[in-house]
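Colleague: Produce the entire structure from the sequences given, and follow the hints as far as they go.
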Amino acid sequence: MKKALRIYGEVLRLVRRLPKDTRPYYAKYVRENFVNYREVDASDSKALQELFQRAYDHSIWVLNKYSVDQSAADKLKAICYN
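Quick note on the numbering used here: the sequence shown kicks off at 784 and runs consecutively.
Just so you know, these hints were derived from the structure itself, not from any lab. Keep in mind it's a predicted model, so treat the numbers as computed, not measured. Check the hints yourself; a few may be wrong.
[Stated by the list, open to error] Here are the simulated DMTMM-like cross-link-like pairs (lysine to aspartate or glutamate), alpha carbons at most 20 Å apart as the crow flies:
| # | residue 1 | residue 2 |
| --- | --- | --- |
| 1 | Lys858 | Glu833 |
| 2 | Lys786 | Asp840 |
| 3 | Lys811 | Asp840 |
| 4 | Lys858 | Asp840 |
| 5 | Lys858 | Asp827 |
| 6 | Lys860 | Glu793 |
| 7 | Lys785 | Glu822 |
| 8 | Lys811 | Glu793 |
| 9 | Lys785 | Asp827 |
| 10 | Lys860 | Glu833 |
| 11 | Lys811 | Glu822 |
| 12 | Lys829 | Asp840 |
| 13 | Lys785 | Asp857 |
| 14 | Lys786 | Glu822 |
| 15 | Lys803 | Glu833 |
| 16 | Lys803 | Asp852 |
| 17 | Lys858 | Asp804 |
| 18 | Lys786 | Glu815 |
| 19 | Lys860 | Asp804 |
| 20 | Lys786 | Asp827 |
| 21 | Lys785 | Asp852 |
| 22 | Lys786 | Glu833 |
| 23 | Lys803 | Glu793 |
| 24 | Lys786 | Asp852 |
| 25 | Lys829 | Asp804 |
| 26 | Lys860 | Glu822 |
| 27 | Lys785 | Glu815 |
[As the list claims (entries may be wrong)] Label-pair ranges, simulated between beta-carbon atoms:
| # | residue 1 | residue 2 | range |
| --- | --- | --- | --- |
| 28 | Pro802 | Asp827 | 15 to 25 Å |
| 29 | Ala825 | Ser850 | 32 to 42 Å |
| 30 | Gln836 | Arg814 | 12 to 22 Å |
| 31 | Lys803 | Ser854 | 16 to 26 Å |
| 32 | Lys848 | Arg789 | 22 to 32 Å |
| 33 | Asp804 | Ala825 | 31 to 41 Å |
| 34 | Gln853 | Tyr812 | 12 to 22 Å |
| 35 | Tyr808 | Asp840 | 17 to 27 Å |
| 36 | Ser850 | Ser826 | 38 to 48 Å |
Beta carbons: idealized from backbone N, C-alpha and C, even for Gly.
Modeller: Structure representation (structure tokens):
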């Protein structure tokens, strides 16, 4: 659970790097997705790792969409893949 909260916080920090007019949409999107998956069994490490990987992959996609340097997500990558 701690790892998921760290990922959530880091994704929200990345949202702050997006253009100002897109931030509310992506902040809401992030929150809704994390809320939707809160029922995932914490002991199912495979399912959690897939969700963490998806969080990272989606973040990279959005950063690329708005031409934000991918290196901004280095900390997120470290959290997701440790």
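Colleague: A separate judgement is required for each hint: does it hold in the structure or not?
Modeller: Going down the list of hints, with the structure as the test:
Distance restraint check for Lys858 and Glu833: the Cα-Cα separation of roughly 18 Å lies within the 20 Å cut-off, and the hinted pair is therefore satisfied. Only pairs whose Cα atoms come within 20 Å are accepted, and Lys786 paired with Asp840 is accepted, the gap being roughly 17 Å. For the given pair, Lys811 sits about 18 Å from Asp840 by alpha-carbon distance, which is consistent with the 20 Å threshold. In summary, the hint linking Lys858 to Asp840 is supported, as the alpha carbons are separated by about 13 Å, within the 20 Å threshold.
A hinted pair counts as satisfied when its Cα atoms are at most 20 Å apart, and Lys858 with Asp827 does not qualify at roughly 24 Å. Between Lys860 and Glu793 the CA atoms are separated by roughly 10 Å; this keeps the pair inside 20 Å, and the hint holds. For the suggested pair Lys785 and Glu822, the alpha carbons sit about 15 Å apart, so the restraint of at most 20 Å is met. Using a Cα cut-off of 20 Å, the hinted pair Lys811 and Glu793 holds, with the two alpha carbons roughly 14 Å apart.
Distance check on the hinted pair: Lys785 and Asp827 sit about 15 Å apart at the alpha-carbon level, within 20 Å; holds. About 13 Å separates the Cα atoms of Lys860 and Glu833, which keeps this hinted pair within 20 Å; it holds. The suggested pairing of Lys811 with Glu822 holds, with an alpha-carbon distance near 19 Å, which does not exceed 20 Å. Proximity of Lys829 to Asp840 is assessed by CA-CA distance (about 16 Å); at most 20 Å being required, the pair is judged to hold.
With a C-alpha separation of about 19 Å, the suggested pair Lys785 and Asp857 falls inside the 20 Å cut-off, and the hint holds. Taking the CA atoms of Lys786 and Glu822, the gap is near 15 Å; set against the 20 Å cutoff, the hint holds. Straight-line distance between C-alpha atoms of Lys803 and Glu833 comes to about 30 Å, which puts the hinted pair past the 20 Å bound. Distance restraint check for Lys803 and Asp852: the Cα-Cα separation of roughly 16 Å lies within the 20 Å cut-off, and the hinted pair is therefore satisfied.
A C-alpha spacing of about 24 Å is found between Lys858 and Asp804, which places the hinted pair above 20 Å, so the restraint is violated. Between Lys786 and Glu815 the alpha-carbon distance is near 18 Å, which keeps this suggested pair within the 20 Å criterion. Under the criterion of a C-alpha separation no larger than 20 Å, the hint pairing Lys860 with Asp804 is inconsistent with the structure, at around 25 Å. For the hint linking Lys786 to Asp827, the alpha-carbon distance of about 14 Å falls within 20 Å, and the restraint holds.
A C-alpha spacing of about 27 Å is found between Lys785 and Asp852, which places the hinted pair above 20 Å, so the restraint is violated. With a C-alpha separation of about 13 Å, the suggested pair Lys786 and Glu833 falls inside the 20 Å cut-off, and the hint holds. At roughly 17 Å between alpha-carbon atoms, Lys803 and Glu793 fall within 20 Å of each other, so this suggested pair holds. Distance restraint check for Lys786 and Asp852: the Cα-Cα separation of roughly 24 Å exceeds the 20 Å cut-off, and the hinted pair is therefore not satisfied.
As the CA atoms of Lys829 and Asp804 are separated by approximately 36 Å, the hinted pair breaks the 20 Å bound. As the CA atoms of Lys860 and Glu822 are separated by approximately 23 Å, the hinted pair breaks the 20 Å bound. Distance hint between Lys785 and Glu815 is fulfilled; the C-alpha atoms sit about 18 Å from each other, no more than 20 Å. Separated by about 36 Å at the C-beta atoms, Pro802 and Asp827 break the suggested range of 15 to 25 Å.
A C-beta distance of roughly 36 Å is found between Ala825 and Ser850, which places it inside the suggested range of 32 to 42 Å. For the pair Gln836 and Arg814, the supplied restraint of 12 to 22 Å holds, since their beta-carbon distance comes to about 19 Å. Checked against the hint of 16 to 26 Å, the C-beta distance between Lys803 and Ser854 comes to roughly 21 Å, which is consistent with it. Between Lys848 and Arg789 the Cβ separation comes to about 24 Å, which falls inside the hinted range of 22 to 32 Å.
Asp804 and Ala825 have their C-beta atoms about 36 Å apart, which keeps the hinted 31 to 41 Å range intact. In this structure the supplied range 12 to 22 Å holds for Gln853 paired with Tyr812, their Cβ-Cβ distance being about 19 Å. Hint check: Tyr808 to Asp840, Cβ distance near 19 Å, so the stated range 17 to 27 Å holds. At roughly 40 Å, the beta-carbon separation of Ser850 and Ser826 lies within the given 38 to 48 Å, and the hint holds.
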